[in-house]
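A.B. asks: These are the residues of each chain, in order.
Protein chains: 2
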Amino acid sequence: MSQKPAIRHALSITREADFAAWYQDVISEAEMAEESGVRGCMVIRPWGYGIWERIQKLMDARIKAAGVDNCYFPLFIPLSYFAEEAEHVEGFAKEMAVVTHHRLIQDGKGGLVPDPDAKLEEPLIVRPTSETVIGKAMARWIQSWRDLPLLTNQWANVVRWEMRTRMFLRTSEFLWQEGHTAHADRDDAMAETLRALEMYRQVAEDDLAIPVMVGEKPENERFPGAVATYSIEAMMQDGKALQAGTSHYLGTGFAEAAGIRYQDKEGQQALCHTTSWGVSTRMIGGLIMVHGDDDGLRVPPRVAPQQIVILPMLRDDDGDETLLSYCEEIRKALAEQSALGEPIRVLLDKRAGKATQKRWSWVKKGVPVILEIGGRDAAGGQVSVVRRDRLWKPDGKVNFIAQSKDEFLGQAVAELEDVQRSLHAQATERRDAQIHRGVTDLAGLEAFFAEDKRYPGWVELSWSRPTGTALEGVVQKLKALKLTIRNTPMDGGPVSGTCLFTGELAVERIYVARAY
Amino acid sequence: MSQKPAIRHALSITREADFAAWYQDVISEAEMAEESGVRGCMVIRPWGYGIWERIQKLMDARIKAAGVDNCYFPLFIPLSYFAEEAEHVEGFAKEMAVVTHHRLIQDGKGGLVPDPDAKLEEPLIVRPTSETVIGKAMARWIQSWRDLPLLTNQWANVVRWEMRTRMFLRTSEFLWQEGHTAHADRDDAMAETLRALEMYRQVAEDDLAIPVMVGEKPENERFPGAVATYSIEAMMQDGKALQAGTSHYLGTGFAEAAGIRYQDKEGQQALCHTTSWGVSTRMIGGLIMVHGDDDGLRVPPRVAPQQIVILPMLRDDDGDETLLSYCEEIRKALAEQSALGEPIRVLLDKRAGKATQKRWSWVKKGVPVILEIGGRDAAGGQVSVVRRDRLWKPDGKVNFIAQSKDEFLGQAVAELEDVQRSLHAQATERRDAQIHRGVTDLAGLEAFFAEDKRYPGWVELSWSRPTGTALEGVVQKLKALKLTIRNTPMDGGPVSGTCLFTGELAVERIYVARAY
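Line order of the protein sequences matches chains A and B. Position in the first sequence counted from 1, then plus 1337, gives you this note's numbering. Position in the second sequence counted from 1, then plus 1337, gives you this note's numbering.
The set of hints was computed from the structure by calculation and includes no laboratory data. As the structure is a prediction and not an experimental result, all values here were calculated from the model. A virtual CB, placed ideally from N, CA and C, is assigned to each residue, including glycine. Heads up, a few of these hints could be off.
[Unchecked claim] Per the computed footprint, the stretches of chain A lying under chain B, defined by three or more beta-carbons under 8 Å from a beta-carbon of chain B, are:
#, stretch
1, 1400 to 1414
2, 1570 to 1582
3, 1603 to 1609
4, 1682 to 1692
[Unchecked claim] List of simulated lysine-lysine pairs, DSSO-like, C-alpha gap at most 30 Å:
#, chain 1, residue 1, chain 2, residue 2
5, B, K1691, A, K1602
6, A, K1790, A, K1819
7, A, K1401, B, K1669
8, A, K1742, B, K1401
9, B, K1456, A, K1446
10, B, K1602, A, K1687
11, A, K1669, B, K1456
12, B, K1691, A, K1401
13, A, K1431, A, K1816
14, A, K1602, A, K1577
All chains should be built: construct the whole structure from the sequences, respecting the hints.
C.D. replies: Laid out in structure tokens, this is it:
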């Protein structure tokens, strides 16, 4: 009997063996980020930061195209601003970094301590989000209907003191963009809320190749003080959900707290309707858990810092010069082409070191296409190509394909576009296979999410959209199963039957899942 | 006798009347930034932030082209890291924001206070610069000579507690980039130090149209712990100097403190030589004080968020539609052209409001070229053009030039390039006229900087490059005159005579000036 040859994967931990440990391993082996030695804060290394720069670039173009202006607001927020907000907002998160002093002095033992004579009169909070300080600016900037809509965004770092941190997914400091807008009425504010949501869907699906469910969060999951919160939800390979972006319609509550008023066309004073929306470096955690495999990360070409890496098989002899000039010729020809709307990002990796070691470092980083070129290839006008999404042959060998240089150059653009498409298709297929319908009662739900099921996925239910205490009851029941309601999809799909929780007529669908 | 007609400038304060108040007025009237209500922190508004985004974009391309990788390091630095550094570095600045708590609680009176039960074991400092934390990362990343040079940069916010703040020039929080690199030997590190310096010169001269003196800072002005500090120095219109960027060769001192070692080709452990270099939002303060005039800001086209603004003279009647489509045609034709290496950034300002009010808002913002187009222009295929650097006619009227649409479109690129060149030429001429040679003794120096001289400029001297206590004596003498040594120019100009301070043979030149 023949045995299927074993593939020797690049990582030492598989997804199947330990998903959480695999996640950390990908981050480490792809050199994306690492612990910084500062509690809850990470160092984002060039490959991880390069992906963030790509996300920033693609999203910022969409933000600007929507007429939203980038600004920069202070890192620090006076404590009193939060006290004002706290009056209006129940459930206000209080885990924040508090600045109390503005000077260090020698402690006489060779160390430094905060100077007791330099205590701030009012403590400052390191921003966990900027609604309060931006609200005050809006109140200054808006006088009349002519000033509306006011559309602002900032790219910034924020801090939320987290007890249990995980790189990219939950860190005390993280990078994000926060959009804040003010409008004359509900309709205009809601249109902006949904525009931002659609923008996030596009960034997730078109740029990151991550399929997402677009919908409204249930009442209990709203941003504190919001009238409505919308999200995009992605499914990780372990079947858990990740909220990958949120957009909030805030009504007039925040405007009232901050005094954001305008004179309407009739000369009357009116409160603005505001929105806020944000996406963070958390998105990169989603990227890893959606596209990564047992050989490391796989980056969709649109967000890959390098899309093609050329590896010359240097031999430290006279042939190297010819080989390098052949490689450089290919690099140049690629860089002059455009794929997915931008010039191809291609790197010729001339570093010293073993060729196979270098190959596996790029495999683990998830570069979409790798070329390996030896002296004989150069002489014969050939290249050896491997696509990261088709890394292995059935016989357990790396799936290198020999092509003529011209053939490869002629199809490189199509190849990159196909990797982008193929990663999205794989992720969509996997996700759809893990969305389960047909659960009709609580016992069925419990059975579905039984402990022995490793990667159960999501359950789609129809429900009656209970509110208040009725909703609280549902939330508690789900919590006992470690489940949460992700969102109510806005895809217009069919609703039928009765609500599994209340027995009432179902009015909409929801996704129920374990989540990050 | 005829009298010269008075120009009615757009600002209420002239440079001549009160330079400091004029500076604030430009920032306010151009809507670049404003006080945030948070001590020492500003809100950077879209026009100011748009200029920063342009500087970032142009500099980041140069940073990447030099093979430097962007990363992101933590906002917080444990107190103990500074204590280690403080041992090595005298004159260590201690005015920093100190985080001592990680939670707020209700104070029982409707307010919030830091939770005494959530006091950090070790206080955290909000980074004033990142040598310490990046040094520790480098120590982890560098093992062998193959890992060198290690070239990193980050775009980040930093905080230095400032008692007297001034927008862009000195704020408690500011935005900057900080490059940090490690090298095998002095020569390689010094080459990188000077590459960064040359990059800053190019950004200042070629992008911001600010002429700068490139040189080495005297010993007393070195970054604490540096072996050599270099700077670019710009002259403001009031004759003061502004240090607009610095680059430091740090020797092996920082590597020793952080343990940045590598194994060389012979297998021996050796200390790395490190560098750091930074440019901040301060550059925007320099832009204002170099190019601004009594009508507000003037932005060189390369860093202007909008290079051309089209103002339709809307009349709220049937003709508006024809007018707008004529304007849109021009906008589109401009956006399809490239000037100074990028597509022209052009805005069609359709906002409601008086046309003259809108014109002056763009004049104050310093847009390089403004088109005003009325219904009659549209009918006749004409435009009315004004260049911000040639705003006034001798008769006190705005210098609009009527042109055919095609004529304007045919020369728009050349026009923008000429504004860029012309702003640089004006600034260079003004600066050169205010650099004075021929001061031969201290009395002469004192006389030159006498109180009644409003805008004395800089004095170029030859000196003997005293060190230690001899230098300290010089610094004190200059301090009494409110003067500092800016730098030793690296332009290879002639040195002659004796040192005005020591009487010894002069070996190099220095610039002496009042400074921001």
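A.B. asks: With reference to the structure, classify each hint as holding or not holding.
C.D. replies: Quick rundown of the hints versus the structure:
1. 1400 to 1414: holds (count 9)
2. 1570 to 1582: violated (count 0)
3. 1603 to 1609: The restraint on the stretch 1603 to 1609 of chain A is violated, since only 0 of its residues have a Cβ under 8 Å from chain B and three are required.
4. 1682 to 1692: holds (count 3)
5. B:K1691 - A:K1602: holds, 16 Å
6. A:K1790 - A:K1819: holds, 13 Å
7. A:K1401 - B:K1669: holds, 17 Å
8. A:K1742 - B:K1401: Distance ~28 Å between K1742 of chain A and K1401 of chain B Cα, so the pair holds.
9. B:K1456 - A:K1446: holds, 22 Å
10. B:K1602 - A:K1687: Holds. K1602 of chain B to K1687 of chain A sits at ~18 Å (cutoff 30 Å).
11. A:K1669 - B:K1456: violated, 57 Å
12. B:K1691 - A:K1401: Roughly 26 Å separates the two Cα atoms, so the pair holds.
13. A:K1431 - A:K1816: holds, 22 Å
14. A:K1602 - A:K1577: Outside the cut-off at roughly 49 Å; violated.
Consistency with the previously given hints fails for numbers 2, 3, 11, 14, ordered from lowest to highest.
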